[in-house]
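J.: What follows is the residue order along each chain.
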Amino acid sequence: MTDTIADRAARATPVPVARRIRGLSDRAIAWIFVAPTIFLLLAVNIFPLIWTINLSFTDFKANRAARGTEYIGLRNYERILTDSDIWLTMQATAHFLFWTIFFQVLIGFTLAWLINRKFRGNDLWTTIIVLPMMLSPAVVGNFWTFLYQPQIGLFNYIVSFFSGVDPSSFEMIGSVTLAPWAIVIVDTWMWTPFVMLICLAGLRSIPDYIYEAAEIDRASKWRQFWTITVPMVLPFLMLAVLFRGIENFKMFDLVVQLTGGGPGSTTELTSINLKREAFEKWRTGYASAYAIILFVTVFGLASIYVKALNKVKER
Amino acid sequence: MKTSKFLAATALSATAFAGMAQAEDLTLCWAAWDPANALVELSKDFEAQSGHKMNFEFVPWPNFADRMLNELNSGGKLCDLLIGDSQWIGGGAENGHYVKLNDFFDKEGISMDDFAPATVYAYSTWPKGEPNYYALPAMGDANGWFYRKDWFARDDIKAAFKEKHGRDLAEPKTQKELLEIAQFFQGREIDGKTVYGAAIFTERGSEGITMGVTGALYPWGFKYENTPGKYDMEGAVNSPQAVEALEFYKEFYKTATPPGYTNSYMGESLDAFKSGQVAMAMNWFAFFPGLYADPNTGGDKIDFFVNPPQNNPGSTLGGQGISVVSYSDHKDAALEYIKWFAQPDVQKKWWSLGGYSCHNAVLNDPGFKDSAPFAGDFLEAMANVQDFWQEPAYAELLLAMQKRMHDYVVADQGTAKEALDALIKDWTEVFEDEGKL
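Protein chains in written order, with UniProt numbering: chain A, 1 to 315; chain B, 1 to 437.
Source of the hints: derived by calculation from the structure; they are not laboratory data.
Keep in mind the model is a prediction, meaning the values are calculated, not measured.
Take these hints with a grain of salt, some might be off.
[Said to hold, decoys possible] Straight-line alpha carbon distances no greater than 27 Å define the calculated BS3-like cross-link-like pairs of lysine-lysine that follow: (1) B/K176 / B/K158; (2) A/K275 / B/K425; (3) A/K275 / B/K436; (4) B/K77 / A/K275; (5) B/K223 / B/K254; (6) B/K44 / B/K107; (7) B/K417 / B/K254.
[To be verified] Quick list of the computed label-pair ranges, beta carbon to beta carbon: (8) A/Y157 / B/N360: 52 to 60 Å; (9) B/A153 / A/G164: 35 to 43 Å; (10) B/E163 / A/F161: 31 to 39 Å; (11) B/D433 / A/I304: 30 to 38 Å; (12) A/Y71 / B/D66: 26 to 34 Å; (13) A/T69 / B/D294: 47 to 55 Å; (14) B/A153 / A/V159: 36 to 44 Å; (15) A/T69 / B/T227: 27 to 35 Å; (16) A/I50 / B/D294: 55 to 63 Å; (17) A/F102 / B/G166: 51 to 59 Å; (18) B/R188 / A/N116: 53 to 61 Å; (19) B/D114 / A/T69: 36 to 44 Å.
All C-beta atoms in this analysis are idealised placements derived from N, C-alpha and C, irrespective of residue type, glycine included.
Work the whole structure out from these sequences, hints included.
T.: Shown next as C-alpha cells:
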C-alpha cells in the first residue's frame, strides 16, 4: 500500500486537532473556507449597497454631517427622474454606449478575421494593434486633446489633408456636434483591440474540420462565414459587448481628460454627472439615489443580456 | 568665573533645548502657483525665528478645491494652516473647519483695521461683514488684464486701428473698447504669424468660466440679490444688464479668442500669451510679477490694465485668507505663524517677493504705486472687487453657474436670459435645501 501525502499529513496532525476536524461535517468545512470571502463581500459590497439605499431616502450631505439628516421619502428619486438635465446626460451616455460598441464590434471583428489568417508578420501586427489598450485612459485622453487641437493637432491636419477643409475651421472637442463623436473615436481607438482579442479567441476555437466538411459539401466562403464563423463567434462577441457595455456605462477618466464633460454638458456622461453631484456638490443623499437608479439600470440590462447570451450558447 | 560661565552655558543649553522641545512641524496648504513659491521663501524667516519647521502642500488650481475641501470635510490633519479660497469662508466657519480668530487677534493685538477693508470683508469674515474672523487676509487678488505693449506701439498696427475705429490704439476704457481691440487683433498677421484677440476664461470643470463671465457681469452692474441677505434673485441675476453682459462675453468668446479655446483657464491664458498667440489676456494679478519677469514677453513688451468698467467699475475678486485648521494638532504653532505673518515688516517683504499683501502698511505706502508696473492697477481693482457667493453651499452654487454659463457661452445652447433664468432656478433649489428660502 502506497503512503500518500494525505496519509502522511493525517499522521502528522496532532490527535486533539484531528479529533476536532473529524467532528466537522463537509458542509462546515466548506463554510470555514468560504466565510472570509463572504465576510469581505458583505463588508465591501453588500453593506455599502444597503447603506447607499438608506441614504438615498435622505437629504444627507457628507460635507455637512453636523447639519443633521432628514428622511425625505422618494423625493430624491422624483427629482432625478424629472430633471431634464439628467435625461440629457442619459442621452449622451446612450449615444456614447451605442456607437462605441457598434464601431468596436465592427472593426474589432474585422481585424480579428484578418489577423486570424496566416501571413508573415501576423504576431507583430497583433502586438501593434493591441498597444492602445495597454495605455492609461487618462494618458490617452490627455494626448488626444493635443491631437484634436485645431491649430496644431494631427487629427485636424489628417482630416484637412483628405478633405481639403482648413484644419483650424473645426473643433473636435469644442463643437457641440463633433464633441460626442470625438469621445466615440478615442474610445474606439483605445478599446477595439480588446474586442479584437476576444473575437480572435472565438475564431481560433472553431475546429478546422468544420470548414473542411463545408468545403466537401461545396459551401461557398460567404456561406461558411454566415453559417459557421458568425454563429460560433457570436457568444464571444456577445461577451465582448457585455464587457464593453458595462465598462462604457461607467466611463469617466478618458472623457474627463478629453472634454471635461463639455462643451457645456454635451459629453457629460452619467458617471461624470454623478461624481459632480456626490463629490463636488456633496449632495450625498441625492447622489445615492442617482447611483441606485444607475445600478438598477445596469443590473437589469445586464441580466437580460446574460440570459440572451446563455440562450445563444445553448444553441 | 568658571562657575558663572558654566551656569550661563547650562542656561543657554536649557533655553535652546526648551526651544527645540517646542519646535513643531507645520504644514501649510495652498494652491501650486507663483505666489506659493514666494511664500516658501518668506517662511524661511519664520523657521529661523521660531524654530518650527515649515512643510508645504501645494495643489494645482484645477484640483485645489476638490483636494482641500475633501481634506476639511473628512477632518483631515494634513494641513495646520490653509490658505483657502475666499468662497470657502462660509463653509469653513459654519462646518467648524476653521478656528475662529477673534480672541487670538485681541490677545496678540492684531487689528483688522490694519488691513484693507475689502480684503477683510472678503477673506476673513463670516457672516459677511460681521466682526467674526476666521482668516487673516493673506493674498489680495483680482482678475485683471495684460497685453502686448510692443504690438500696441507698432506704427503699422496703430495706423490700421485708427483707420478702422477712428481712435488711437490704447488700453481700453470700457468693456466694449476691450472687445473692439480684441476683434481688431483676431486673425491678424504679425511678423508672419497669425495672432488672436484675447485669452479669456472658459474652463468647465472647476471655476474658470464663472470667474471669466463675472468679469463682464460686474462692470454691467450685476447683483446676486435685490436685497443683500434675502436671496431674492429674480430681477437681479437675470436683469437686462446681466443679460447684456452675458451676451457680450459670448460675443467675445466667439469673435476674439483663439480657435479651440473651449476649456481654458489660468494656465492656458498664460500659455497663449507667452507663446505670442494673443494680444491680450485676462488672468489673476498674482501672475503679473512672473509675467513681467518673463524674458520673452515680459519687461518692456508687456503692460497691464484693470478690468475695464462699462456701467460701473467692477473686478472679479480672487485672493485668499490664511486660516488655522481646527483639526490640526499644532494649532498653537500655527497661530504663531499667523502672528508672525501679520507683522508689517513681514508683509512688506511678502510684497517684495511677489505676494500681494493686504496690509495697509504696504498698500498705503506712498511708494507702493510705483513699486511695480501693475501695483496701481492692483489698488484700483481691489477698490471695486466683487466676489461670488461665499455661502457654505458655495460649491453647489458654483457648479450650477459653471454649467449654465458653459452651456450658453461655449456650447451655444439657448439664450442669455434662459441661461440666467435657469441659474436662478438652480440657486433657488440650493437655498431651499439650505433652509434659507
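J.: It remains to establish, for every hint, whether it holds in the given structure.
T.: Against the structure, the hints come out as follows:
no.	hint	verdict
1	B/K176 / B/K158	holds (18 Å)
2	A/K275 / B/K425	holds (21 Å)
3	A/K275 / B/K436	holds (26 Å)
4	B/K77 / A/K275	holds (24 Å)
5	B/K223 / B/K254	holds (25 Å)
6	B/K44 / B/K107	holds (25 Å)
7	B/K417 / B/K254	holds (18 Å)
8	A/Y157 / B/N360: 52 to 60 Å	holds (56 Å)
9	B/A153 / A/G164: 35 to 43 Å	holds (39 Å)
10	B/E163 / A/F161: 31 to 39 Å	holds (38 Å)
11	B/D433 / A/I304: 30 to 38 Å	holds (36 Å)
12	A/Y71 / B/D66: 26 to 34 Å	holds (29 Å)
13	A/T69 / B/D294: 47 to 55 Å	holds (52 Å)
14	B/A153 / A/V159: 36 to 44 Å	holds (39 Å)
15	A/T69 / B/T227: 27 to 35 Å	holds (31 Å)
16	A/I50 / B/D294: 55 to 63 Å	holds (57 Å)
17	A/F102 / B/G166: 51 to 59 Å	holds (57 Å)
18	B/R188 / A/N116: 53 to 61 Å	holds (56 Å)
19	B/D114 / A/T69: 36 to 44 Å	holds (43 Å)
No hint from the list above goes unmet by this structure.
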